[in-house]
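**Q** As a plain string of letters, each chain reads:
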Amino acid sequence: MKTIKRKTCASLLLRESYELLELESGLKVVLYQDPTASSATACFAVHYGSTDNRFIPKEGEEPICVPEGIAHYLEHKLFEDENGDAFARFSETGASANAFTSGDKTVFYFTATDRFEENLTILLDFVSTPYFTRETVEKEQGIIAQEIGMYDDNPFWQSYFLLLQSLYHHHSIRIDTAGSVESIRQITPELLHRCYDLFYRPQNMVLTAAGNFNRDRLLELCQTLLPKRPDFEVIRMPEEEPYPVRVKRTEKKMPVSKPLFTLGIKMHPEEDKEKRLKKYVLACVATECLFGESSPFYREMYDAGVINSCFDCSVLEGDGYLAILCDGETEQADLLIDAAKRRIRDFKEKGCDENSFEGIRRTEYGKQIRQFTDMGDLAVQLVDAAFCAYTLFETAEILKEITAEEIQQFVSKELDPENLSIALILPEESGGNQ
Amino acid sequence: MREFHRLALGKGVHFTSCIRPKYKINRMSIYFVLPLRKNEASANAVLSCLFTKSCRKFPTITAFSDEMGRLYGADLYGNVHKIEGNQVLSFTVEVIDDSYALTPEDLTRQAAELLCDAVLDPLLDETGNFPEESFRLEQQMLLDTVLSEQNNKRSYALAQFRRVMFAGEDGSLSKLGEAEDIRNLTVKDAKEAWLRMLSSAKIEITFTGSGHEEEAKAVFARRFGELSRDKIYRLRRSGHKMPVEVKRVTEQMPVKQAKLVVGYALGPAREQRVALKVLSCILGSSPSSRFFVNIREKESLCYYCAARSSAYQGVMIADCGVEKENVTRAENAIQREIDSIAADGCSKEELEIALRYLATAYRSASDSVSTMDWWNFTRILQGGGTLAHEFSLLQQVDPEEIRQLAGKLKKDTVYLLCMEGGEEQVEDDQA
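Taken in sequence, the protein lines are chains B and H. Residues in the first sequence are numbered consecutively from 1, following my numbering. Residues in the second sequence are numbered consecutively from 1, following my numbering.
Certain hints may be false.
Calculated lysine-lysine pairs in the DSS-like style (CA-CA distance at most 25 Å, straight line) [unchecked claim]:
id : chain 1 : residue 1 : chain 2 : residue 2
1  : H       : Lys298    : H       : Lys256
2  : B       : Lys139    : H       : Lys298
3  : H       : Lys191    : H       : Lys175
4  : B       : Lys348    : B       : Lys248
5  : B       : Lys258    : H       : Lys175
6  : H       : Lys256    : B       : Lys252
7  : B       : Lys252    : H       : Lys324
8  : H       : Lys256    : B       : Lys253
9  : B       : Lys400    : B       : Lys367
10 : B       : Lys413    : B       : Lys341
11 : H       : Lys57     : H       : Lys217
12 : B       : Lys139    : H       : Lys256
13 : B       : Lys275    : B       : Lys413
14 : B       : Lys258    : H       : Lys256
15 : H       : Lys324    : B       : Lys253
16 : B       : Lys367    : H       : Lys22
17 : B       : Lys275    : B       : Lys5
18 : B       : Lys367    : H       : Lys24
19 : B       : Lys278    : B       : Lys367
20 : B       : Lys139    : H       : Lys324
Hint data in this document are derived by calculation from the structure and do not stem from the laboratory.
Sequences are here, hints too, so could you generate the full structure?
**A** Put into structure tokens, the structure is as follows:
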């Protein structure tokens, strides 16, 4: 397997660089080397997550639907092999290994301070050799059902998914990553094999490494260990998602001391890949300007006791979805909603304070530097960047050019204060109507 | 690289630095070590909220936040910890290295000044007290934090468990104080707590990062040199008493998954801290542990089943999330693994796996400023060795030491949080 493309991504501003390669198989390999690090993290990831449950296997075939939670189930099962499991093999080397599934990806990773190549061999091997029997697949249902039960009792998780279900009519981001106890009962070894075979193909995967490791040995191992696989042919079938939110308010009762909320403002996602990163960065800066700690909204709400230090705001972005999210605790949801709407309207009219804007821009630049301080986080960020086809340095370049006027224009064009929804988790004794 | 450099800045005030150019950021923490007392805990704790929103120089949350933004998103926050019978208030700021500033600026020095402003020069009103309005907000925040403990069922179960297991001891006291104490707090209490903290707390200042520590040290030396210091608090060491009988408590809450916590006592184990860590790892701190392999994977009883220990308190705690009907099976399964090690020891292979797993954790710790900061601080407080020293102790642990430690574990407390099952109860049981 030869390397067919090689590119060095570098930033003079951040004084960092990393290497982006594409192997003959179509597998992307992204490498950030830091010889001063004590450890290295490698991620082997597939562009396949909980939202991929409706697709056409290949052109000309009929679309199929698979049970909710199957990507996550597959993540669990890939750790197993005929002779035991991958954890047992990693225990021989002392590496710390794990995996996670999100809406658009499944990531398998390890962190090690020595024997990097041995660990990489284990990683590439277990992800490349699925082994499922009816018995082991059934046994996993008990473990995953316990995991689902744990999240059912987690009010933050419940609030988050309640909001996604309120914002989105059809998009599969509204589906819980692990599925439900009912949906995972429909998962069979045959279905797992089918999904594995269709999605776990090199063109749909990326290998990233960050830290202290031998680059040439890593590439050699990729070339000798990874089996030849057919091209990736799946055609994803996103459902048409209307712009308006599905429901403006949802409530659920749980044993919590104070109401929790997740508030979302739904936006049009950018379909053009070239413009997607810019829109995401604009949305991030706009979110901080609108609702961040230095905003008049935050101060007003904090001083009035409507929110407390738990308040946070962020941007939710992926294939076919884009929204601003705010979450925290509040006893006065109606006041909070009114203030959020008012803030957007005021911002459209007046824009933001130049001093605060510069602080936010500097904060975002600071984040770009910090992302190179944790090898584990960095390896995952390289996965995201590879799947979205941008480099980690583009954000810093965009930030350098952004102006306060541009943010004001963005908010004016993209944010409708009425296209907002809130999910509330209320204490057991108060009312609720899910 | 200088792994550890420590010097006195004043009476009971020390500055410790750990410099590695690879870090790219600088982290500075001020730790105030105080006795954990029920009547003072909440007044101390409210300071951790009050001092991270404003100061005299930046009197509003907006001005304070703008200043952190100007310092490229410096992150300044407060925290409260409980270490043995001590309450520790920490105030930390993290800032990117000066060399990354877009225009030349001494960011590290400015961040050190901001941290000192927050703690030593807070916003006071004309009467010399914290402004009533901002105090009330932070008092409510602290109360919300205490009351929202139940939102995370696993940590709630662990907190409730500790109240039962350590009843009557320092270990049962909440690091944030109890809700009732927080409700009764006044501005005067907070002011007194602040003055007490400045005059008598043991103060440890740590600097972990890429460089410019001399500039920061000069700031801390100047600002803390101005303090009038009284009699300095001497650390309290507290262990847990061995149980006479097993305490059992069941608490009812509408949860889908029951949470079981089982506590074991083993008496003083300070000298065996590394061996106890290894035993915890063999039992339930890694994916190769007995709890993970046997209870989760083989029996499919739970998604998590973990073990943790404190050599300073002489305890080991196992916890799991489990279906209510499987609680007894899970408790028995946990006990079976401990009994098995106490009777037959662990295999050489098991020991080696645990040692390798912990070795990775020790070696990779130096990559993270926050891990190194906490490591250095707790080392100063509790008297452990350097990373290299602790790592060498790890290599000396043998299977017989593990067997003996497991044999000392005596079941102390069993706490269960579940959907139904009657009222909270305390039953007698033979250990």
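**Q** Decide, hint by hint, whether the structure agrees.
**A** Verification of the hints:
no.: 1; hint: Lys298(H) - Lys256(H); result: holds (22 Å)
no.: 2; hint: Lys139(B) - Lys298(H); result: holds (9 Å)
no.: 3; hint: Lys191(H) - Lys175(H); result: holds (19 Å)
no.: 4; hint: Lys348(B) - Lys248(B); result: holds (22 Å)
no.: 5; hint: Lys258(B) - Lys175(H); result: holds (21 Å)
no.: 6; hint: Lys256(H) - Lys252(B); result: holds (15 Å)
no.: 7; hint: Lys252(B) - Lys324(H); result: holds (23 Å)
no.: 8; hint: Lys256(H) - Lys253(B); result: holds (13 Å)
no.: 9; hint: Lys400(B) - Lys367(B); result: holds (13 Å)
no.: 10; hint: Lys413(B) - Lys341(B); result: holds (15 Å)
no.: 11; hint: Lys57(H) - Lys217(H); result: holds (21 Å)
no.: 12; hint: Lys139(B) - Lys256(H); result: holds (20 Å)
no.: 13; hint: Lys275(B) - Lys413(B); result: holds (15 Å)
no.: 14; hint: Lys258(B) - Lys256(H); result: holds (20 Å)
no.: 15; hint: Lys324(H) - Lys253(B); result: holds (21 Å)
no.: 16; hint: Lys367(B) - Lys22(H); result: holds (16 Å)
no.: 17; hint: Lys275(B) - Lys5(B); result: holds (24 Å)
no.: 18; hint: Lys367(B) - Lys24(H); result: holds (12 Å)
no.: 19; hint: Lys278(B) - Lys367(B); result: holds (16 Å)
no.: 20; hint: Lys139(B) - Lys324(H); result: holds (19 Å)
Violation of the numbered hints given earlier is absent; every hint is satisfied by the structure.
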